[in-house]
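Enquirer: Take the given structure of chain A and dock chain B with the ligands to it, following the hints.
Chains A and B, in that order, are what the protein sequence lines are.
Residue numbers for the first sequence follow my numbering, so the first one is 1 and each next one is one higher.
Residue numbers for the second sequence follow my numbering, so the first one is 1 and each next one is one higher.
Please note: incorrect hints may appear among the correct ones.
Cross-link-like lysine to aspartate or glutamate pairs, in silico, DMTMM-like; alpha carbons within 25 Å at most [what the hints assert, rightly or not]:
1. B:144 to A:13
2. B:263 to B:292
3. A:74 to B:292
Just so you know, the hints here were simulated from the structure itself, not pulled from any lab data.
Computed from a predicted model, the values in this text were never measured in an experiment.
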Amino acid sequence: MTVRECMQRLEAEVVVGDEWLDRKVESVAASDLLSDVLATHKHNFLLLTGLSTPQVVRTAELMGSVGIVFCRGKYPPQDAIGMAKVHGIPLLCTRLQMFEACCRLAGLGLEQDSTP
Amino acid sequence: MADTPIVKTFPTEPQNISIISELMYQLKVRDVMTANVATATPQQRLRDVQHIMRDRKISGVPIVENGRVVGIVSLDDIIRALDKGEIELPVAERMTRNVVTIGDNVSVVKAIDEMEKRGFGRLPVLNKDGYLVGIITHWDIVRKLVDMLQEVAMQAEQRERNLAPPTSPPTDHSEVTILEFPVEKDDFENAGRASSAVKKHLQQRGIDPAIIRRVAVAMYEAEINVIIHSYGGTMTARIYPDRIEVTALDRGPGIPNIELAMKEGYSTASDRVREMGFGAGMGLPNIKRCADTFEIESAAGAPTRLTFTVYFVPRKQ
Ligand SMILES: Nc1ncnc2c1ncn2[C@@H]1O[C@H](COP(=O)(O)OP(=O)(O)O)[C@@H](O)[C@H]1O
Ligand SMILES: [Mg+2]
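Next up, chain B with everything else stripped away, as it sits in the complex:
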């Protein structure tokens, strides 16, 4: 056996924001608005505004004088002007003068509120000095939220790809490879990452898929137990040429009655954990079933050490 094991430690990942309302409160109008606004002056003709709308495919144009918004012309105004033969009139004569605007530093939630209250689908955006810096529409907000959600998915995808053991497994299989993973209390976000990384490692070694599945299931149940029942700990996988040995060692609080804990259906898991689909009291028995050797040491107020071995030999059917 080797004297220098290869130790790889995988850090846990930071928490990820995935709740849409959190995103909405973080988002400011300036993050979402269209900064490149098409504008017109009061002296231009309504006809010019009509062309701007057509060319830029927009339905509202702020009217600006010296950087200040003095009015707004909507598609409705243009239609009315066309109807009444007033399309050649100066903008100043038909624009809406009481323009509802919004600050660039306001949250998107507030902007949506404001649009709803006033019945406008678009608001010119002013900076703190009162100058026009952009325009915001419902569409801008939806687009940005979808982008941000997709970004969350992409980050998760990236993290998942990085799970692969960083180097290819040693070709000289006489060595022992040790993979180590910290596991934190209540860290559901990273639950199963250790098991997944070990699974990948075994796949790279060409281990029989049925054996890998037994290892993965046993390790996942052990990992979940550390997350839901303990103060946190470490999962360690020692991979030998003929077997894998997995240890889940935590920092307590321990199991007062191991015989009881091993019973199918016995569980002390909280309702919250049950809502997530765990805590059926089947973990320990399942680990034992999947493994070739199984040991658990614990006591009330002590760490729990669970160790199991799976040999790389297919089971007889």
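Isolated chain A, as found in the complex:
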């Protein structure tokens, strides 16, 4: 799975990072709690969240996330966009709720992991 394929399934729009859409997505982390995300053992994950703050980008950057999807029609603030550019993190927006978004990405061979 690439970020682009996830984008298509989520009917998402690219805010920044067209050039990074061919990155491989190994797993998905979906949360509105950044501490949850910071505790995950997953690697090369796509981050789905209902938050839209610069700290989402910071968290993704520090965790080596391959991209962020802002759910429920949230749009990232401008400073988050600037940060994402520097760290090469594509930012996507979808109108889907987080649960629906997760459903669309389920069963696609993305790493299943029982640890958080």
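Expert: Quick look at chain B with the ligands alone, frame taken from chain A:
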């Protein structure tokens, strides 16, 4: 070990305006208007105005006499004149005389209000002496706001690029490098900058990415704690050839019960902090999990000092 550590201090950045309504109130008509206005005189023909509109791709032309606006001709007026065979008439005979104008010192919000109220998409702009100095349209306002928003993103981008440690790391790794960062209370804007800069530094040293991730996560959680729970303090990273030692030292108010604070899920964070995605009570336990050594000293009414070490040796799976 070295006797002269390399100390680099990173200042925090000033606050950034990112709210569109704030931008709109700050913006004056004169910041947004098109200053180079195409005008005509009352003595010219409507045909001349039609050509001005075509050449400049505009849909309204103020009619000016001695620097004063005496009328305006819109695209509708021209169409009507063409329809009725009046296009060769002097402008004075068909122009609208009651022109709604706006002052150049008025806020853009007021200008939008005025356009809506009067039903006009463009207003001639007058200076305080009543002379025509520009014209403002919806498009000018939208364009300027988009520019300003993009400017905010560009500034954030620039600040982020400047995060990189200012010099390349010492090639002689027997030295200790010390990176120091002030961390202010409630300063969410800069949250994680210390952790990010240290991450970059470790990357430049070629440290294993899995180890860097543990350092970055632990340091970020510690940094967030200083921001959300303390009066402010300092993050210090000491980088030795075989390990990194990070200290978060704040100015209080301290932790009354450390054992309780270490419990997963225990948190005293405010609702506002929770809305930002923090305050789940998982920070301290996560720092401990990521680190090879972990120590925390605190008491009610005292500073909190948290220190952890991560060795540059991969963990056994
Ligand atoms: N630097 C600090 N100063 C004061 N209290 C702190 C500090 N760090 C942690 N604490 C206390 O310990 C609790 C648990 O911290 P943590 O595990 O990071 O969870 P969280 O930050 O999500 O609340 C905090 O809610 C707070 O009461
Ligand atoms: Mg915490």
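Enquirer: Do the alpha carbons of residue 263 of chain B and residue 292 of chain B lie within 25 Å of each other, as the hint requires?
Expert: holds, 19 Å
Enquirer: Check whether the Cα positions of residue 144 of chain B and residue 13 of chain A lie no farther apart than 25 Å.
Expert: Answer holds: residue 144 of chain B to residue 13 of chain A is near 24 Å, not above 25 Å.
Enquirer: Holds or violated: residue 74 of chain A with residue 292 of chain B, Cα cutoff 25 Å?
Expert: Violated - the C-alpha atoms of residue 292 of chain B and residue 74 of chain A are around 38 Å apart, more than 25 Å.
Figure legend: structure checked against the earlier numbered hints; the only hint not met is number 3.
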